[in-house]
Structure formats: structure tokens, C-alpha cells
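Participant: If you want the building blocks of each chain, they are given just below.
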Amino acid sequence: MTEIRCSPHIHSRETTKSIMWSVIIALLPATFGSIYFFGPDALKLIIVCILSCYIGEVVSNLIFRRKLKSFDGSEVVTGLLLAFVLPPSFPLWMAGIGGFLAIFLVKELFGGIGFNIFNPALAARAILTVAYPLEMTQFTAPLSYRVDAITTATPLGILKEGLGETLPSLWQMFIGNRAGCLGETSILLLLIGAIFLLYRRIITWHIPLSYILTVAVITAVVGQNPLFHILAGGLVLGAFFMATDYVTSPITPKGKIIFGIGCGIITSLIRLKGSYPEGVAYSIIFMNMFVPLIDKYTMPKKFGYVKKI
Amino acid sequence: MFQGGVKLVDFKEISKGKVIENFPASEKVIIPLSQHTGIPSKPLVKKGDAVLKGQLIGENAGFISSATHSSVSGTVIGIENCPLPGGRTTPAVVIENDGKDIPVEPVNRDWKNLKSEEIISIVRDSGIVGMGGAAFPSAVKLTIPKGKKAEYVLLNGCECEPFLTADYRVMREEPDRVVEGLLIICRALEVKKAYIGIESNKRDLVPLLRETITKFVSDTTVEIKVVPERYPQGSEKHLIKSVLNREVPSGGLPVDVGCVVFNVQTALAIRDAVCEGKPLIERVLTVTGLVRSPKNLRVRIGTPVSKVIEYCGIEITEKIKVILGGPMMGIQINNLDIPVLKGTSGILILPEEILPEEIQPCIRCGKCIEACPMLLVPAELGRYAENKRWDRCAEFNVADCIECGCCTYICPAKRPLVDLFKWAKAEIRKAQK
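Just so you know, the sequences run in chain order A and B.
Take 1 as the starting number for the first sequence in my numbering and just add one per residue.
Take 1 as the starting number for the second sequence in my numbering and just add one per residue.
Check each hint, because a few of them may be wrong.
A short, non-exhaustive set of chain B residues, derived as facing chain A with CB atoms under 10 Å [claimed, not checked]: (1) Met1; (2) Phe2; (3) Gly313; (4) Leu348; (5) Glu370.
Reference listing, derived: stretches of chain B covered by chain A, where coverage requires no fewer than 3 residues with Cβ under 8 Å from a Cβ of chain A [unchecked claim]: (6) 249 to 262; (7) 351 to 358.
Far from chain B, some chain A residues (derived; all Cβ distances over 10 Å) [what the hints assert, rightly or not]: (8) Thr2; (9) Val76; (10) Ile202; (11) Ile230; (12) Met299; (13) Gly304.
In short, the hints are calculated from the structure, not lab data.
We treat Cβ as the ideally placed atom computed from N, Cα and C, and that holds for glycine.
Only chain A is shown next, with the shape it has when bound in the complex:
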């Protein structure tokens, strides 16, 4: 006889681990894409980020005297996402610091998985942007464009600075053949992963759709090409893979839409009026702070709280 347990006596097969690994699988097309576009640099950066995240986890468990939990894949997700938001030529030791801080500072100091306020990868990116502003804004062109490892500007950078460089075609941007952060460039490959996550019902449409639509509407209203704004920068990566992070986004469907719209407004404001060319990372971090508040005011109407018949 086995130990008595409370009902229910059956459980769905989905586990925290299976969700994490599904996210990793969803990120794989874009991972391979980044290696194809940016070469071995990309692979090295990805490996360093994942390893440093894992080291962050081990170190925090030692410091906080917690049992080493089984490897659930959440560090791989954070590591991959961090690599995805760094420039391809970013120095590896700096990336290592970023990965360690993403887990130790942003996640574990706040209580570990399930308790962090900010998206670990994006918060680490924000730290790195402040610490190493030069390295964080030097983008190399994809291999096929490269004459000899010259730095170039991202499409949003070209738009903001007006440097006289020509913008890549929308098709090239869709495929991913443009300068940018490691994993943000290929919209096609990101969408393949996103469709997988939607199909697996790991993410819902609420945040990505409301986020992207908001950016499209605002940029269209001010007379810019909304399609360019969707394909440029990290919007697709952010909307499907970052803003949908369970822990740091609202838990209610209505709250998710509000969160997505908020991200969209701030992203558009930074892109159109701010001094940075891109605003996806900051907008998501900013909206992360409002999650408890959004949750509080979007609780569902409970069963049986209608007027009596």
C-alpha cells in the first residue's frame, strides 16, 4: 500500500520541466538561425550564457543552503534568451557576468523560480547596457553581408540616427539577414517556435497579439510603416518569448491584454521619441513592475456572484 494522498489521484502530464523544455525547443530554430547568420561567435555566446546561468543557480543554492533542485531547464531558457538579446560580437566574459547576474541577482535573490519580479534575461541585459554601453551597441553584420567583420547599424539604428545607410528589405528582415541582437533577427524562425508554443498551449495569444498590434497601430498613426516596426528590433522575440514569461506577466487573461498594450505603448514611445533606437527590453521590464497591480484589478468574476433570479 502506498501513502494516502488527497484527491485528485490523477495529474496531467505537463510539468514545470516539460514546459521549460518546450520553450527551449521553440527557441531552437532561432538558435540555429543565429549560428547560421552570425557564425561561431553566436554559438560561443550561447554556450557561455547558458553555462553562466547554471553557475548562478548552483552558487545561489550553495549560499542559500538549499537542496540542489533537479535540473528543470529554466536556466537554459534564461541563458538562451539572454544570448538572444546580446550583440553577436559581445565579449564572452561580459556575457558570463550577465548570465550569472540574471540568475543570482534577478531571480534567486528575489526568491527563486516563481518569485522574481523582473524577467531575468531582460534585467541582465539592462544591467549590461549600463555597465558596457559601447559593447552593447556594436552590432556586426550577418556573415553574408560582411566584407571584413565590420560593425554596422541595426535597421532601427539606421532609422533613428539617419546614418545614410540603406535599410534592408522587409523580406531580408523577415528571413533574418540583418544586423541585430543574436536571436531577434529572424522573424520567420521565431514565429515557427511561437506557433509551437501556442499549439502546445504554453503561451496564449493575449500578450503577443495585444503587444504587436499596439505597436503596429501607434507606428501607423504617426505615419511610419507598421510592418517595418514589427520586423525590426526585438519585438517578435520580446512579444512571444519574453513578455509571456509566466512569472513576470499577469496571470489573468484580461490582465495579459492590458500588459501587452502597456508594453506596446512604451516600446513605441521609446522607438519614436526616446534616445535609444529600441525599447522592447525596457518596456517589458517596466511593465513587469505593474504585474501585481494589474492582477489585483483583473481578477475574474467568480461563479455564483450574480444577482439572484
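Chain B: place on chain A using the hints.
Facilitator: What follows is chain B alone, placed relative to chain A:
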């Protein structure tokens, strides 16, 4: 249709096709005096007394209480403490079966000549309780509180728990008695309209039930409603929502929206009591899961679970768990001497599950919020209960939780949410006292 809930694999194929077998009465039956919600019945027999099958051995001890009857003929061995599922114990009348099955005098009554109070009184004296699992005394349900009015009777044929097929078999094999029972309930409640709610996976019953209904009534007094197969469709509140689109107010009863809901087997028991004077001494249950031959059995109340399992043969002897009821709301037991009760809808043998030993953190995926049919926020409630914030649990309406298990089933972190909510409810009750 209600919001929330989960889609489950129903596993009903295992026993759906098995014709109800009469399980032979065991040499000894243990009949607890508290098988129902409310005050235990008062014992009327003592050691050495001879009893007949169907004889009253425990009388009603209050308004919310129930009578208890012997399920065999024989001799009372004693009144002993008997373990119940869930860890409680209760006095039980233990009877040695003489194997003769001598019944008390049968009666033959035409319910059409009976008044409402007469029917209710027969139901009370026959020890009939809700047989869907909750075991709430049926006579109390039939007594509408002052100032309220019943407009509809709903016959609950959903059997939404996976694995269980007892109610399905009863409807298949005894449709006449079930429908007649429903009409008797309508008469007792002076209600003109009844619905039979069945889940879409039992759609094959519709022609049979329709034909049966026309044998009794020619108009649309009884209507069949096929409701979507979605757990917990068989919850009273959710069946009412699906059939009539009415929401039972929080803390209220179905009668607050003009409805009274009865389980299929309860209707049948009421019919047998009213027409034949037969008290509730047996029921149909499903024995399924890891057993050699899964069955639907008609079992005497008081039969030890071990006897029933032996009869069906256990496939694996280690790493199994025995559950009384369905997998979602049933109660796991370790003591197989526990007898079959009026509310035991099934005996389910499942393999042991590997679940984390410590409570894992919530990753806020929100799946529980989508799944909760009461539209609560299990994720938040779980965190509050974990930190013993009973005040916050109360504020977030933990009292509305029906313990259906949807949130816990769906939770990827395998958090024991139902467990936490039961704890929170108990603590809140304690504080109120």
C-alpha cells in the same frame, strides 16, 4: 455551458460494456451508522439480535440525519468502531449473514395515490441519501425551505468522473425504474418540469431514455439534455448552469435558483422505496482500474472493500492505490476492511503516482485559473494557504471551492492545491467558532 473545467480521458471503455452483476453478500457486513452528511443514526439493535434483510437498525436522529438498514438477514455480532474513508471512525453494526436473505414484509404501493409528505416520509424512513458521493439525506433535499420554490428537477446522469460507469449501466439496464423515480421526485416536490442531464459520451442512452419517458408521460414533462463532456459537469452547480444557464449564488443552494438535483441511482432508490417499500441497502458501483476483470457490481451496503476487490482480482499487488469513488474526487484508503457505503460510487485501483515530496513553487502559468469552474484564482489561494494567510484565503473566496480537483490536476508544478484549500477551509471554520 459553464466556464473552466478540464477535458479528461474518461477510461470508461474499461467497464462500460459490463452488465451489472449481483455481488454475493459476504458472511459479515459492517454497516456504519454514519454514512451520510449530518447526525449519525441511533442504533436500535444490540449484540445477539436477529435481523431481517431491510430491517431498520439505526433510526433518524435529527433533521439532517438518515435511517440505516440491515443489508442481510442474520445475527448482530456487535456494535464496533469502524474506520471510514478519510480517517474518521464511526460506530457500525456488524452483522453475521445467515445466508438466507429473509426480507422484511414487502409492500406494493402506487405512488400516484401518495401525497408529497407521504413520499418524503417514506424516503426518510428508507434511509435514502444522495448516491453521487456526497450522501446528503434525500428527504431533506425534498423538503423545500419556507419562502423558496422548486421549479425544476434535474436528474444528474453526467457521471463526469473518469472510469466510473455504474450510473451509465443503471440507466442502460433499468431506465424504467430511474424515470419512474424521477417522476416520483417531481410529485414529492410538486414540480411540473424535469430534465435528465447526461454527458455527450453517453449519448447512446438518449433513444432508450426517450422511449422510456413516453411510457410514463405523453407531454414534455421530462426532457433530456445532452451536455458537453467536460469535468466537473456532474457538479450540481455546473449541471444547472449547463442545462438552464442559471448560477447558484455563492453560499446558496440549487433551490435558490429553483432547482433540485438528484443522482440517477438516488432516483432509482427512491422509486424502490416508494413502490416496493425497499430501503437503501445496496447500490451499483464500478470496480475498475488495475483489476483483472473490471465490473459493474450491485453490492450490499456494508460489504468490506477487500471482498469486492478480491472478487475482481488485483493485477499488481505493489505500488497501487485504492480509491473509493472516482480519480478526481474519490478518497484513497489504506484499510481494505472499510465497508462499501451508500455514497461509494466506485472502487478504483490506480498505479502509484510519482509526485514531488515537497511543495514546488508556483510558476504562475495561469492554467489553474483557466481550469477553475468556480472562477477562483487557485494560484493565489495556494500561495496564501501555504503561508497560512487564512484571512486572505477567506477574502479570495476559498469557501466557494468545490474541491473538484481541476486546478491540482492541471498544475505543472504538481502543487497540492485541493489539499491546501481543504486545510484553509478547516482553519477558517475553526476561527469562526
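Participant: Return the status of the interface hint for B:Leu348: holds when the least beta-carbon distance to chain A is below 10 Å, violated otherwise.
Facilitator: holds (8 Å)
Participant: Beyond 10 Å from chain B, beta-carbon-wise, is A:Ile202?
Facilitator: The assertion about A:Ile202 is violated, with a minimum of 8 Å to chain B.
Participant: A:Val76: least C-beta distance to chain B exceeds 10 Å?
Facilitator: Correct as stated: the minimum Cβ-Cβ distance to chain B is 15 Å, above 10 Å.
Participant: Does the no-contact call for A:Gly304 survive, Cβ to all of chain B over 10 Å?
Facilitator: violated (4 Å)
Participant: Far enough from chain B: is every CB of that chain over 10 Å from the CB of A:Ile230?
Facilitator: At roughly 26 Å from the nearest Cβ of chain B, A:Ile230 sits farther out than 10 Å, so the non-interface label holds.
Participant: Minimum C-beta separation from A:Met299 to chain B exceeding 10 Å: can you confirm that?
Facilitator: Violated, because the least Cβ-Cβ distance between A:Met299 and chain B comes to about 6 Å, which does not exceed 10 Å.
Participant: Non-interface claim for A:Thr2: all C-beta distances to chain B beyond 10 Å?
Facilitator: Contrary to the label, A:Thr2 does not stay out of reach of chain B, its closest Cβ about 5 Å off (not over 10 Å).
Participant: Can you verify the interface hint for B:Phe2: is its Cβ closer than 10 Å to any Cβ in chain A?
Facilitator: holds (8 Å)
Participant: Holds or violated: B:Gly313 as interface residue toward chain A, Cβ cutoff 10 Å?
Facilitator: violated (17 Å)
Participant: Do the numbers back the hint for B:Met1, that is, is its least Cβ distance to chain A under 10 Å?
Facilitator: violated (13 Å)
Participant: Are 3 or more residues of the region 351 to 358 of chain B near chain A, judged by a Cβ distance of less than 8 Å?
Facilitator: Coverage by chain A holds for the region 351 to 358 of chain B (3 residues, Cβ < 8 Å).
Participant: Should the hint that B:Glu370 touches chain A count as held when the rule is a Cβ pair under 10 Å?
Facilitator: With a minimum Cβ separation of about 8 Å from chain A (threshold 10 Å), the hint on B:Glu370 holds.
The earlier numbered hints that this structure contradicts are 1, 3, 8, 10, 12, 13.
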